[in-house]
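Residue numbers (this note's numbering), protein chains in the order written: chain A, 11 to 342; chain B, 11 to 342.
These are calculated hints, taken from the structure and not from any lab test. Treat the numbers as computed from the prediction; the structure is a model and nothing was measured. Wrong hints could be hidden among the right ones.
Just so you know, same-sequence chains aren't split out, so a pair can sit in one copy or run between any two.
Pairs of lysine-lysine, BS3-like flavour, derived with a Cα cap of 27 Å [as the list claims (entries may be wrong)]:
(1) 125 - 156
(2) 153 - 187
(3) 187 - 279
(4) 16 - 99
(5) 194 - 16
There are 2 protein chains.
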Amino acid sequence: MPELRKDPIVGRWVVVNVENPYLPQDFNLTPFKWQGNQGCPFCYGNEHLTPAEIEVISPIPRTPNSSGWKVRVVPNKFPALRIEGDLNKHASGIYDVSNGVGAHEVIIDNPDHYKDMPDLDDLEVEYILKTYRSRSLDLRKDKRFKYLLIFKNVGLEAGASLEHCHSQLIALPMVPKNVAEEVKGAQHYYEYRERCIFCDMLSYEQENRGERVVLETQHFISFCPLSSRFSFEVWIMPKDHSVDYAETGDAILWDLSKIFKDTLTRLKKVLGQHPYNYIIHTSPVNTDVPFSYHWHIEIMPKLTSVAGFEWGSGFYVVQTPPETAAKLLREC
Amino acid sequence: MPELRKDPIVGRWVVVNVENPYLPQDFNLTPFKWQGNQGCPFCYGNEHLTPAEIEVISPIPRTPNSSGWKVRVVPNKFPALRIEGDLNKHASGIYDVSNGVGAHEVIIDNPDHYKDMPDLDDLEVEYILKTYRSRSLDLRKDKRFKYLLIFKNVGLEAGASLEHCHSQLIALPMVPKNVAEEVKGAQHYYEYRERCIFCDMLSYEQENRGERVVLETQHFISFCPLSSRFSFEVWIMPKDHSVDYAETGDAILWDLSKIFKDTLTRLKKVLGQHPYNYIIHTSPVNTDVPFSYHWHIEIMPKLTSVAGFEWGSGFYVVQTPPETAAKLLREC
Numbered sequence: 011m012p013e014l015r016k017d018p019i020v021g022r023w024v025v026v027n028v029e030n031p032y033l034p035q036d037f038n039l040t041p042f043k044w045q046g047n048q049g050c051p052f053c054y055g056n057e058h059l060t061p062a063e064i065e066v067i068s069p070i071p072r073t074p075n076s077s078g079w080k081v082r083v084v085p086n087k088f089p090a091l092r093i094e095g096d097l098n099k100h101a102s103g104i105y106d107v108s109n110g111v112g113a114h115e116v117i118i119d120n121p122d123h124y125k126d127m128p129d130l131d132d133l134e135v136e137y138i139l140k141t142y143r144s145r146s147l148d149l150r151k152d153k154r155f156k157y158l159l160i161f162k163n164v165g166l167e168a169g170a171s172l173e174h175c176h177s178q179l180i181a182l183p184m185v186p187k188n189v190a191e192e193v194k195g196a197q198h199y200y201e202y203r204e205r206c207i208f209c210d211m212l213s214y215e216q217e218n219r220g221e222r223v224v225l226e227t228q229h230f231i232s233f234c235p236l237s238s239r240f241s242f243e244v245w246i247m248p249k250d251h252s253v254d255y256a257e258t259g260d261a262i263l264w265d266l267s268k269i270f271k272d273t274l275t276r277l278k279k280v281l282g283q284h285p286y287n288y289i290i291h292t293s294p295v296n297t298d299v300p301f302s303y304h305w306h307i308e309i310m311p312k313l314t315s316v317a318g319f320e321w322g323s324g325f326y327v328v329q330t331p332p333e334t335a336a337k338l339l340r341e342c
Numbered sequence: 011m012p013e014l015r016k017d018p019i020v021g022r023w024v025v026v027n028v029e030n031p032y033l034p035q036d037f038n039l040t041p042f043k044w045q046g047n048q049g050c051p052f053c054y055g056n057e058h059l060t061p062a063e064i065e066v067i068s069p070i071p072r073t074p075n076s077s078g079w080k081v082r083v084v085p086n087k088f089p090a091l092r093i094e095g096d097l098n099k100h101a102s103g104i105y106d107v108s109n110g111v112g113a114h115e116v117i118i119d120n121p122d123h124y125k126d127m128p129d130l131d132d133l134e135v136e137y138i139l140k141t142y143r144s145r146s147l148d149l150r151k152d153k154r155f156k157y158l159l160i161f162k163n164v165g166l167e168a169g170a171s172l173e174h175c176h177s178q179l180i181a182l183p184m185v186p187k188n189v190a191e192e193v194k195g196a197q198h199y200y201e202y203r204e205r206c207i208f209c210d211m212l213s214y215e216q217e218n219r220g221e222r223v224v225l226e227t228q229h230f231i232s233f234c235p236l237s238s239r240f241s242f243e244v245w246i247m248p249k250d251h252s253v254d255y256a257e258t259g260d261a262i263l264w265d266l267s268k269i270f271k272d273t274l275t276r277l278k279k280v281l282g283q284h285p286y287n288y289i290i291h292t293s294p295v296n297t298d299v300p301f302s303y304h305w306h307i308e309i310m311p312k313l314t315s316v317a318g319f320e321w322g323s324g325f326y327v328v329q330t331p332p333e334t335a336a337k338l339l340r341e342c
């Protein structure tokens with residue numbers, strides 16, 4: 011019989027296929043085909059194809075908007091939200107509407123068109139993580155923004171429109187629903203138990219280390235959560251309680267670079283090239299600081315489509331139990 | 011500048027591209043290719059390929075599990091949940107878990123492999139809607155079930171694994187998160203205003219009939235909600251306040267058959283063959299009856315992939331404003 015499991019933070023139920031767990035080959039993934047780097051706006055020499063850069067990491071001196079960079083941040087050419095103007099919230103009948111104030115930046119992870127995180131060296135991964143931090147610190151100076159969402163889409167099925175590996179940052183003028191729910195869930199738990207729910211998840215995983223833990227370093231743990239929504243979902247979480255990703259110091263970020271790369275490398279080894287998203291779950295900015303929150307990264311492989319059952323209920327069907335996924339990722 | 015709109019029921023924000031609305035041809039849909047009906051377990055003559063039928067609509071006398079039926083209901087061969095056993099909820103560390111008690115039925119909409127709702131006559135559509143009603147009335151007799159989710163997946167991108175048109179019913183031993191949120195949202199509004207929020211949405215759309223209304227019949231309205239999550243999303247809603255789909259009488263169901271078919275036909279005319287889901291949003295069973303709830307059907311075309319931004323925030327980016335979609339659907 012399948013097992014139902016409830017996420018203790020937001021109360022979401024998932025159905026876990028514990029009887030006939032899918033193995034990687036059972037997912038029938040469409041084989042990935044490269045389109046090639048011709049005309050790619052994220053490759054060296056094509057810097058003029060993007061809007062002017064906002065920030066770069068470059069170990070060598072260079073003219074702005076030319077090659078030589080290691081990580082390059084540019085405004086999204088087709089932004090979901092726009093940076094200009096004051097926020098103008100108003101009513102429209104029973105609805106609330108607002109103009110679309112925000113920022114939408116693209117972080118070009120690496121100049122090499124064909125490299126994703128597993129193919130980079132630790133230092134190159136660290137450049138990306140440092141860029142996330144500095145963009146987050148810079149954008150929060152704009153008091154209109156209440157949330158800075160950093161995420162990555164890899165592969166068509168995960169919503170990537172360009173194959174050259176890149177991350178995105180969207181600055182939002184309100185705390186989005188999913189974040190608000192997570193923050194509230196953590197607050198409720200804290201009020202009741204006077205403990206952080208994420209720290210409790212960590213302890214639980216550490217006590218049952220052979221079950222769902224994938225990797226552990228000095229400062230981080232990566233594990234497949236008991237109530238994962240997706241097969242092979244992995245979370246990376248700092249061991250010490252920490253509210254805000256952007257407050258992570260250099261030494262800890264260096265440790266994160268290694269576990270992050272190692273985790274993604276194992277996913278690629280086990281699943282092959284596959285579509286996935288990752289999202290940095292961190293606290294809101296320019297509003298109350300939720301002390302009970304604990305930042306982490308959620309990596310979500312997209313191996314099946316989301317269908318009517320998921321849309322209608324908020325339940326998810328997980329074909330590979332997290333215990334099976336973690337074992338495969340640990341032992342690969 | 012894009013426009014932000016907030017769903018008044020669950021508080022979800024959407025970003026609407028009001029500047030450069032996508033038209034149907036801008037979505038780059040993968041052209042649909044039929045695999046064919048060979049070995050299809052839902053076609054006449056292959057009834058032995060499914061588990062034994064639970065219910066059928068058949069105007070002619072027939073032997074069970076043979077051809078001649080108009081609508082046929084069978085247990086899902088690969089059920090997400092299982093009908094046997096008592097619900098056994100218990101703790102696992104900080105998590106709640108349960109055995110996967112439930113029911114998972116497949117409603118084969120029509121014997122013709124190549125026909126979806128727009129290709130059926132009104133009577134055949136009515137057969138389907140009557141089957142939804144009778145399955146819902148039958149399954150609620152089992153007091154373990156708290157929610158009966160009726161939905162349809164059409165096309166690979168919308169999660170359909172078989173191309174022969176079919177609906178599904180999943181009986182759940184708890185009220186799922188998405189439903190609970192909607193019920194709670196409607197209750198909050200009702201406590202504050204002493205009015206049903208869905209009735210208020212209806213009045214608002216009727217007052218601005220030229221904006222987002224697609225069709226109107228004696229008992230129903232179909233419209234593209236102001237805060238749609240998906241391009242060309244359409245809701246069909248009874249005009250009279252009604253909590254439970256299964257309590258709909260025959261005359262009203264006949265009216266629904268017509269507006270439902272007409273709406274789906276218009277979507278197919280405007281978008282071509284496209285992946286979509288629809289979900290019947292109705293009240294929970296065997297628990298408190300939420301008087302402030304108002305059942306309706308949500309039709310959600312899947313024209314783009316859901317990506318990291320949506321997963322991380324709960325925001326949705328809508329490339330075709332509902333006003334543009336409704337106009338195209340009205341005038342086609």
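### Hints violated by the structure (listed by number, smallest first)
Result: hints 1, 3 break, sorted rising.
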